[in-house]
Amino acid sequence: MTDDLQLVREYFGEHPPPPPGVAAAAKARLPFGEQGSRAPWRLHRPLGGGWRPSRRALLLRAGLSATAVAGAAAVAVMVTVQAPSPVQAPAPVPASGPAGREILLTAARTVARAAQPLPGRYWVTSGTVGNFLRVGPADDPYLVLEEVGVQSWAARSPRDGSPELSQALWVRPASPGDRAAWRRGGSPTVWKGVGQDTSLAYPHGDPGNARLQPLSTAPGQLTAESAGYGSQPFLVGAKALSLRQLLALPAGPRRLKELLLKGMLHSPPGISQSAYLLQAVPLVLQMPVTPAVRSGLYRMLATMPGIRSLGVVKDVSGKPGVAVAYTGNYANCGNGVPLSPGGASRLYRVLFTSCSVQQILIIDPATGLPQAEELRYAQLPPGQKWSAPGGLFSYEIFGRSYWTNHDRPNRPNR
Amino acid sequence: MTSTRPGRHGDAAAAQRDDARDIELSLRDPDRFGVVFDRYFAEIHGYAAKRAGPDAADDIAAETFLTAFWARRRFDPGRGTVKAWLYGIVTNHLSAYRRRELRAYRAMARTGLSAPEEGHADRVVERVAARSLRGKLAEALAGLSRGEREVLLLVALGDLSNADVAAALGIPYGTVASRLSRARTKLRLVTGIGPALDRQDRECRRIDGDR
Chain L
26 MTDDLQLVRE YFGEHPPPPP GVAAAAKARL PFGEQGSRAP WRLHRPLGGG WRPSRRALLL
86 RAGLSATAVA GAAAVAVMVT VQAPSPVQAP APVPASGPAG REILLTAART VARAAQPLPG
146 RYWVTSGTVG NFLRVGPADD PYLVLEEVGV QSWAARSPRD GSPELSQALW VRPASPGDRA
206 AWRRGGSPTV WKGVGQDTSL AYPHGDPGNA RLQPLSTAPG QLTAESAGYG SQPFLVGAKA
266 LSLRQLLALP AGPRRLKELL LKGMLHSPPG ISQSAYLLQA VPLVLQMPVT PAVRSGLYRM
326 LATMPGIRSL GVVKDVSGKP GVAVAYTGNY ANCGNGVPLS PGGASRLYRV LFTSCSVQQI
386 LIIDPATGLP QAEELRYAQL PPGQKWSAPG GLFSYEIFGR SYWTNHDRPN RPNR
Chain H
29 MTSTRPGRHG DAAAAQRDDA RDIELSLRDP DRFGVVFDRY FAEIHGYAAK RAGPDAADDI
89 AAETFLTAFW ARRRFDPGRG TVKAWLYGIV TNHLSAYRRR ELRAYRAMAR TGLSAPEEGH
149 ADRVVERVAA RSLRGKLAEA LAGLSRGERE VLLLVALGDL SNADVAAALG IPYGTVASRL
209 SRARTKLRLV TGIGPALDRQ DRECRRIDGD R
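So the protein sequences, as listed, match chains L and H.
Using the numbering used here, read the first sequence as starting at 26 and increasing by one per residue.
Using the numbering used here, read the second sequence as starting at 29 and increasing by one per residue.
Keep in mind that the hints were calculated from the coordinates and are not lab data.
The beta carbon of each residue, even a glycine, is placed where N, CA and C say it ideally should be.
Warning: the hint list may mix true and false statements.
Which stretches of chain H does chain L cover? Using the computed rule of at least three CB atoms under 8 Å from a CB of chain L, they are [as the list claims (entries may be wrong)]:
hint, segment
1, 58-65
2, 72-79
3, 82-95
4, 180-194
5, 209-217
Let the sequences and hints guide you as you build the complete structure.
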């Protein structure tokens, strides 16, 4: 008889012991001999209180009706919550255009001129993520748009924690037509099983872990997840870096490309280097890297094939910027289907279909920094319908990134 | 208990006392923590490597011991072993690492492509064929709740006892037993493999029934 636990062990395989250099390097990080090693202040006890509610749904959990914005503000220490504005998804954009090189090289020159700010206690990065989700009955579906505020605090000192905060801001029908369908459906405030028919409403790429939380208009709570001691809070490519290491990054485009592409190991098969780097670069641009590195990142992107210019566009908040885009065709857009619909089972099967996704990076011409990112279906998977303008299914509006000496926000509740 | 392999019991209690004593001594003499490091680094690294892949494991294991060092004053031998304490910390770091990855690649995740959410394990999930045994196992693992998966993997890969898992995760013993039972039941349902209902399962059912 095969033991199921043995099966699990075999599944994960055996790994050779770490090379001696790895242990030595890890040991060298222990501050031996340091005086007064008091335990640092942190969000969670080291042993934790067991498993906290998953935040994988960072993009799935949602709160709200328009009124819940007030509730959000009550606990809000994070994003400035602007009142929900009408969705101004711009018109579909052409998938091709002149090369984006000029836009990227202009941005490279702009960021190179910026001053390097003096480090503070935490580097704060924030953003607002929006996702269109298909909900409602199969014969009369509609789209809702949820927005989630995200904020990360990256500590300079290893004694401070580096929490990632998120808060559902609001959920509402995406358009007047969707609102009408929502009313026909009885104006529900909770949607269960979001993500079945909606791979596209399942844009979170988490088929295996499909423990879908219901989408709800209940007010969103601020959740804070500590990333431990955060002595290396900056993830670049495959490596988590300390501030010191981040500031020592090479500025040459070729070296930067090499570094970032190491992170591609973690990305799905079939994705191109251009597609990967167009997503990885804005994240590093939002870290406290040197102006030379920022410039190098843009110059590196300028060498990547297939990145086209879209010229001047408006982001979903209506703010104009200059944009570049890359369109990739994918054979495996995940489509999670529950094995036992409506049952207690949380097992999902993933069907793979093809689709074509356009990634858009909108750059603020004044600062050269990333302003927004949009993901659109340039071509829907077979059998899918989508009603958001321009195939838009997900976006992030990037906030300002800055150093602060303030105490980071604490968790308002457990 | 299925999780405890034979041959460990002889000196286990003495080893635990040594561990706890080393932690205590390290409060005054930080260098003493090096003994704990040397004793457990490879094991914790191995667990991280299985969960997150060998590259990520270097960082995760290093961070785990850094956390442990700073938090060593709070280690309470009354709550569990040093080993369980370290597994609790590495579990937190694995989760933190995953979130960091998620933050870094969440846009990628939003494309609907299979994302690196669970790192290594889920990449394996993607690769395996759906009809093979490994595929079924992958599917089952993926279908577990996070709590169930943590318990199962600490038992199967970390070779922890239920009591150690409870200490590591800071959850009641009964919860460990019931999560493990549910996890194994799901594995069996999907793979069709596993022991028939054993004593432990009955115990778990009873505990579940009590709640």
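So, going through the hints one by one against the coordinates:
By the rule of at least three residues with a Cβ nearer than 8 Å to a Cβ of chain L, the coverage given for the segment 58-65 of chain H holds, with 5 such residues. As drawn, the segment 72-79 of chain H meets chain L at 5 residues by the rule of a beta-carbon pair under 8 Å; at three or more, the given contact holds. Counting residues of the segment 82-95 of chain H whose beta carbon lies closer than 8 Å to any beta carbon of chain L gives 12, which meets the minimum of three for the stated coverage. Beta-carbon proximity to chain L at under 8 Å applies to 5 residues in the segment 180-194 of chain H; the threshold of 3 is reached and the given coverage holds.
Counting residues of the segment 209-217 of chain H whose CB falls under 8 Å from any CB of chain L gives 4; the rule of at least 3 is met.
Checked against the numbered hints given earlier, this structure breaks none of them.
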